[in-house]
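**Q** Listed below, chain by chain, are the residues.
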Amino acid sequence: MLAKRYRFYFSRDLPSCFISHLDMVRLFERSFRRLNIKLKFTEGFNPHPKITFILPMAVGLCSPEEMFEVDVEEDLDEKVVERLNLILPKGLKVLKIEEAIDKIQVSDMYYKCFIEAEEDFCKHFEEFMEKSPKIKREKDGKVTFRSVWDYLIGYECQKKEDNIELIFHIKVVNGSYIKPEDILKAFSEEYNIEYKIIRVEREKVNYQRVI
Amino acid sequence: MVVKDKLFKLLYSVEKPGRYIGNEINMVEKDPNKVDIRFAFCFPDIYEIGMSHLGLKILYHLLNKREDVYCERAFMPWIDMQEKMQKEGIKLFTLETFTTLDEFDIIGFSLSYEMSYTNVLKMIKLSGIPLESKNRPKGMPIVIAGGPCTYNPEPLWEFIDVFVIGEGEEVILEFVDLFKEYKFSEMSKEEFLLRCANIEGCYVPSFYEVKYNQDGTIKAIFPTTSQVPGKVKKRIIKDMDSVYFPTKMITPLIEVVHDRAVVEVFRGCGRGCRFCQAGVIYRPVRFRSMGKVIEYSKELIESTGCNELSLISLSTSDYPNIETLAKNILQFTEDKKVNISLPSLRLDSTSLELLKQIEKVRKPTLTFAPEAGTQKLRDVINKNIQEEDIYSTVKLAFERGFQNVKLYFMLGLPTETNEDIIGIYEIARNIRQIYSDLGLKKRVRITVSTSFFVPKPHTPFQWEPQDSIDEMKRKMKMLKEKLSKIKDVEYNWHDFYLSKLEAVLSRGDRRLSAVLKNALELGCQFDEWGEFFDFSKWQLAFEKANVDYKFYSDRRRDFDEILPWEMIDTGVSKEFLIKECKLAYEAKPTPSCFESCIGCGVATFKGGICVGKKV
Ligand code: SF4
Numbered sequence: 001m002l003a004k005r006y007r008f009y010f011s012r013d014l015p016s017c018f019i020s021h022l023d024m025v026r027l028f029e030r031s032f033r034r035l036n037i038k039l040k041f042t043e044g045f046n047p048h049p050k051i052t053f054i055l056p057m058a059v060g061l062c063s064p065e066e067m068f069e070v071d072v073e074e075d076l077d078e079k080v081v082e083r084l085n086l087i088l089p090k091g092l093k094v095l096k097i098e099e100a101i102d103k104i105q106v107s108d109m110y111y112k113c114f115i116e117a118e119e120d121f122c123k124h125f126e127e128f129m130e131k132s133p134k135i136k137r138e139k140d141g142k143v144t145f146r147s148v149w150d151y152l153i154g155y156e157c158q159k160k161e162d163n164i165e166l167i168f169h170i171k172v173v174n175g176s177y178i179k180p181e182d183i184l185k186a187f188s189e190e191y192n193i194e195y196k197i198i199r200v201e202r203e204k205v206n207y208q209r210v211i
Numbered sequence: 001m002v003v004k005d006k007l008f009k010l011l012y013s014v015e016k017p018g019r020y021i022g023n024e025i026n027m028v029e030k031d032p033n034k035v036d037i038r039f040a041f042c043f044p045d046i047y048e049i050g051m052s053h054l055g056l057k058i059l060y061h062l063l064n065k066r067e068d069v070y071c072e073r074a075f076m077p078w079i080d081m082q083e084k085m086q087k088e089g090i091k092l093f094t095l096e097t098f099t100t101l102d103e104f105d106i107i108g109f110s111l112s113y114e115m116s117y118t119n120v121l122k123m124i125k126l127s128g129i130p131l132e133s134k135n136r137p138k139g140m141p142i143v144i145a146g147g148p149c150t151y152n153p154e155p156l157w158e159f160i161d162v163f164v165i166g167e168g169e170e171v172i173l174e175f176v177d178l179f180k181e182y183k184f185s186e187m188s189k190e191e192f193l194l195r196c197a198n199i200e201g202c203y204v205p206s207f208y209e210v211k212y213n214q215d216g217t218i219k220a221i222f223p224t225t226s227q228v229p230g231k232v233k234k235r236i237i238k239d240m241d242s243v244y245f246p247t248k249m250i251t252p253l254i255e256v257v258h259d260r261a262v263v264e265v266f267r268g269c270g271r272g273c274r275f276c277q278a279g280v281i282y283r284p285v286r287f288r289s290m291g292k293v294i295e296y297s298k299e300l301i302e303s304t305g306c307n308e309l310s311l312i313s314l315s316t317s318d319y320p321n322i323e324t325l326a327k328n329i330l331q332f333t334e335d336k337k338v339n340i341s342l343p344s345l346r347l348d349s350t351s352l353e354l355l356k357q358i359e360k361v362r363k364p365t366l367t368f369a370p371e372a373g374t375q376k377l378r379d380v381i382n383k384n385i386q387e388e389d390i391y392s393t394v395k396l397a398f399e400r401g402f403q404n405v406k407l408y409f410m411l412g413l414p415t416e417t418n419e420d421i422i423g424i425y426e427i428a429r430n431i432r433q434i435y436s437d438l439g440l441k442k443r444v445r446i447t448v449s450t451s452f453f454v455p456k457p458h459t460p461f462q463w464e465p466q467d468s469i470d471e472m473k474r475k476m477k478m479l480k481e482k483l484s485k486i487k488d489v490e491y492n493w494h495d496f497y498l499s500k501l502e503a504v505l506s507r508g509d510r511r512l513s514a515v516l517k518n519a520l521e522l523g524c525q526f527d528e529w530g531e532f533f534d535f536s537k538w539q540l541a542f543e544k545a546n547v548d549y550k551f552y553s554d555r556r557r558d559f560d561e562i563l564p565w566e567m568i569d570t571g572v573s574k575e576f577l578i579k580e581c582k583l584a585y586e587a588k589p590t591p592s593c594f595e596s597c598i599g600c601g602v603a604t605f606k607g608g609i610c611v612g613k614k615v
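In order, the protein sequence lines correspond to chains A and B. In terms of UniProt numbering, the numbers along the first sequence are unbroken and rise by one, the last being 211. In terms of UniProt numbering, the numbers along the second sequence are unbroken and rise by one, the last being 615.
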């Protein structure tokens with residue numbers, strides 16, 4: 001049976017934002033099974049469905065619109081949106097679906113972080129950002145450094161009521177990007193300034209068609 | 001919703017925040033203001049372990065079926081979360097409505113293993129209510145407990161108002177009815193407890209007294225009033241087909257230890273291994289009919305969407321026609337890409353064939369639990385497993401591409417000699433030899449794991465001493481040294497001190513409740529997690545309470561000594577246990593209930609195979 005690939009756009013907020021990427025994959029697999037929708041599975045000993053999140057979501061990340069692609073062995077229409085929303089846990093909502101006839105990539109995105117910190121947090125943070133900061137990354141025992149500004153288009157730091165609000169405009173370079181949490185961590189380590197994240201949102205994701 | 005708001009802000013700074021959000025598939029939602037009784041079901045371990053527990057899910061849904069009850073869940077928060085909660089002044093809360101436990105009517109603990117006792121105390125403390133039953137007047141939550149550990153409830157007697165002995169499904173509803181009367185009337189707590197004590201299967205420790213002899217043994221256990229029974233008889237479900245089973249089962253959003261849909265195919269075990277407590281307390285064997293198993297399996301897959309269905313029991317090979325059952329279930333699971341798993345399957349050539357058909361696993365592993373290294377010792381413990389069967393199964397499996405073999409044994413069983421320990425080595429060596437003889441190219445991995453024998457209440461070995469720590473060490477070292485000579489064999493052993501503490505708590509009496517309080521104060525929690533377990537703290541806890549722990553673990557009891565759990569009646573007679581203990585010393589096996597009834601006493605319950613009920 002030939003499979004069709006669909007894109008599911010969804011939003012994620014409290015409390016479901018606190019599950020991991022793998023939990024999300026499993027949750028959608030289970031939801032499709034509950035609705036008797038036939039997914040396409042990989043061959044071999046341990047078949048698994050082909051559910052691909054275009055951007056994996058970190059634990060705690062909220063977003064008004066995210067997307068995954070899934071291979072299905074049947075035709076789907078808009079009705080599936082409602083059926084899924086009836087069984088998805090609070091905080092997760094499917095917005096729309098479309099058939100994936102082309103390939104798309106993420107070009108850039110906006111993050112908003114709310115944190116609790118000292119009054120002069122922004123002042124120090126801006127100072128830090130001016131010094132072309134680098135982020136240390138350890139992967140498979142190898143340490144590499146990435147320059148924050150290679151991935152950052154712009155940012156804003158301001159005090160709002162009791163909290164501090166940070167906005168980051170991040171670009172994806174060769175499929176990789178940096179996360180705001182990592183920038184904040186690097187800053188707090190260097191400046192020895194404490195902060196507490198209370199919410200992280202991926203406000204907008206911009207896509208790019210690939211030919 | 002103060003707790004919820006505070007909590008959600010903390011979740012960005014704790015490990016695995018998904019443990020604390022509830023919101024799962026099939027979670028029950030009710031308006032707490034519209035029910036008469038709020039019940040907090042507590043599991044004294046982290047979320048991932050508690051949510052793998054079938055008993056919790058059954059009782060959760062059973063209670064919630066009632067319109068007048070809202071049953072919510074609470075788990076033990078991990079250390080990082082506890083610290084944060086303390087800082088923010090958040091008491092222990094439920095996952096359904098984030099209500100703190102002190103606001104509930106009933107707090108019910110599930111006691112599955114003794115090593116969670118300090119967690120029970122910690123959870124009561126985190127709830128902000130007094131630890132001791134006597135300090136909780138009417139208006140504060142009633143604290144109850146059920147589960148296998150309640151067959152010796154005594155170490156927790158000060159903290160728990162009512163213990164439910166046996167299978168909770170029926171008792172709990174009667175208890176809730178009575179509670180409702182209590183809550184909405186002038187009834188005193190004392191009177192309520194007295195009436196509880198008269199529900200069959202409920203043990204109320206405050207109505208019983210224990211007197212001790214000079215040497216520390218028990219002189220007498222007796223009720224303090226003639227209005228309560230002298231012995232508390234366990235409750236069982238007579239018929240597995242009419243008992244309630246939730247097919248819209250709550251299913252976690254985050255990965256838990258057993259992440260699958262589960263159907264119990266039968267309750268009880270008829271094998272009669274002499275060290276096994278489950279084999280006694282869950283007697284008699286009661287099968288669930290094939291029709292029901294299939295029906296529940298289908299409904300569960302539909303309501304949970306899980307990609308694995310597990311058919312569980314204490315010894316699944318004993319289910320009549322397990323092959324036919326598996327075939328029937330495969331008919332609808334294959335299409336939905338759902339795997340079936342059959343834990344506790346006795347491996348032989350037929351079951352191997354079955355496994356091949358149903359289990360799709362990447363690296364197939366063979367698991368055997370011979371428990372003892374020689375036939376003599378296996379006869380002592382009544383473990384009916386023959387070495388020849390292991391070897392022929394292993395050979396067949398190797399030929400089919402299996403590469404991993406796991407072997408489970410116990411060290412320190414009664415009558416054990418060095419020869420029995422060498423026997424463990426010989427089994428591993430013979431399996432390795434079979435592999436070499438086949439001339440296969442792939443690598444093989446043989447894992448030998450040993451635990452230490454922990455004598456358990458209500459078993460034929462309840463009078464036995466446990467090995468001293470030194471003796472445990474000697475045996476482990478000897479086996480380790482032997483096994484290191486075989487290629488591809490890995491050896492794991494269980495922590496000596498953990499086994500020791502388990503032995504103390506399992507057969508403990510009321511004097512241990514002071515020890516538990518000390519342990520809590522000294523910071524003991526998550527004891528079964530190894531990384532937090534500190535025996536020196538426990539030693540201090542014993543010393544401060546003036547208790548010699550070896551009195552409980554290392555001492556042989558006489559058959560006529562009064563044991564701390566003697567007011568609990570499992571239905572299995574003491575005469576039977578003594579007879580079995582004597583047969584053990586003669587290395588004489590006893591047939592299983594499937595071959596012939598050997599008159600253990602449980603037939604008085606008139607259930608299951610004792611009355612000839614087949615599937
Ligand atoms: S009464 Fe007989 S059949 Fe029933 S559990 Fe005991 S030994 Fe087995």
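Treat the hints with care, as some may be off.
[What the hints assert, rightly or not] In silico DSS-like pairs for lysine-lysine, Cα to Cα no more than 30 angstroms straight-line:
no., chain 1, residue 1, chain 2, residue 2
1, A, K4, B, K544
2, A, K90, B, K189
3, B, K248, A, K38
4, B, K91, B, K189
5, B, K336, A, K38
Derived by calculation from the structure, the hints in this document are not laboratory data. Please read all numbers here as calculations on a predicted model, not as lab measurements.
**Q** Take the C-alpha atoms of K336 of chain B and K38 of chain A, compute the straight-line distance between them, and say whether it is at most 30 angstroms.
**A** The hint holds at about 8 angstroms.
**Q** Are the Cα positions of K4 of chain A and K544 of chain B separated by 30 angstroms at most?
**A** Given pair K4 of chain A, K544 of chain B is violated - Cα atoms ~69 angstroms apart, limit 30 angstroms.
**Q** Does K38 of chain A sit within 30 angstroms of K248 of chain B, going by the straight-line distance between their CA atoms?
**A** It holds: about 21 angstroms lies between the C-alpha atoms, which stays within 30 angstroms.
**Q** Taken at face value, is the distance from the CA of K189 of chain B to the CA of K90 of chain A at most 30 angstroms?
**A** With a Cα-Cα distance of about 40 angstroms, the restraint between K90 of chain A and K189 of chain B is violated, given a limit of 30 angstroms.
**Q** K91 of chain B and K189 of chain B: Cα distance at most 30 angstroms?
**A** OK: K91 of chain B and K189 of chain B at ~25 angstroms, within 30 angstroms.
The structure is inconsistent with the numbered hints 1, 2, although it conforms to all the rest.
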